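Enquirer: Protein chains in written order, with this note's numbering: chain Y, 1 to 112; chain A, 1 to 115.
Worth flagging that the hints you see were computed from the coordinates, not collected in a lab.
No false leads were slipped in.
Okay, derived cross-link-like pairs now, DSSO-like style, lysine-lysine, Cα gap no bigger than 27 Å in a straight line: (1) Y/Lys49 - A/Lys41; (2) A/Lys64 - Y/Lys104; (3) A/Lys20 - A/Lys64; (4) A/Lys66 - Y/Lys104; (5) A/Lys41 - Y/Lys61.
As the structure is a prediction and not an experimental result, all values here were calculated from the model.
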Amino acid sequence: AQSVTQPDIHITVSEGASLELRCNYSYGATPYLFWYVQSPGQGLQLLLKYFSGDTLVQGIKGFEAEFKRSQSSFNLRKPSVHWSDAAEYFCAVGGGADGLTFGKGTHLIIQP
Amino acid sequence: GAVVSQHPSWVICKSGTSVKIECRSLDFQATTMFWYRQFPKQSLMLMATSNEGSKATYEQGVEKDKFLINHASLTLSTLTVTSAHPEDSSFYICSARTSGADIQYFGAGTRLSVL
Numbered sequence: 001a002q003s004v005t006q007p008d009i010h011i012t013v014s015e016g017a018s019l020e021l022r023c024n025y026s027y028g029a030t031p032y033l034f035w036y037v038q039s040p041g042q043g044l045q046l047l048l049k050y051f052s053g054d055t056l057v058q059g060i061k062g063f064e065a066e067f068k069r070s071q072s073s074f075n076l077r078k079p080s081v082h083w084s085d086a087a088e089y090f091c092a093v094g095g096g097a098d099g100l101t102f103g104k105g106t107h108l109i110i111q112p
Numbered sequence: 001g002a003v004v005s006q007h008p009s010w011v012i013c014k015s016g017t018s019v020k021i022e023c024r025s026l027d028f029q030a031t032t033m034f035w036y037r038q039f040p041k042q043s044l045m046l047m048a049t050s051n052e053g054s055k056a057t058y059e060q061g062v063e064k065d066k067f068l069i070n071h072a073s074l075t076l077s078t079l080t081v082t083s084a085h086p087e088d089s090s091f092y093i094c095s096a097r098t099s100g101a102d103i104q105y106f107g108a109g110t111r112l113s114v115l
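Turn these sequences into a full structure, and let the hints steer you where they fit.
Expert: This is the structure in structure tokens:
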């Protein structure tokens, strides 16, 4: 069965500092990987996705993620966070005709 | 493009009543729609997958008689929570994809509170 682990429940970062959110997955085949962001009481917005090809993918809002097959990881990064980046971030695997399997999420707090 | 509208955004109901939640794809044809449930400060759990014109496929542990899903058209799926109880209180989110696409687009979610 597929699974996603986001080991950090909360992360606090100072505004302007760099960010890395960790994601590890377990999947039987080549995974489709996603990062979504959720603001309080809202739905999910797709930040970026990896299907194949270049393992470093660029997304919206200045985010990027790197797929590392050897580590079964798909960590999300941003070089300089803004206060508006405070939200809940979900890593997910799956897609296509199947539903997504989500990690438990990482709550990002931005310090002024 | 690729907008998914979910209605209502918040509903409060009495225990024992039924509640219907609508999920619409506004600018594309959604051959497949998914329903997820999210408990407070928890992740999203897939409840069921529905393909237009077919019966929904439910995940293990999800009661199909309690959570009725209808996907009668390419732009609309509904989730009806029948005989709702307080433990059904949750945030329900739908998503939709079009045929051949690998990306799901999510609605804004519906917060259900059962008193």
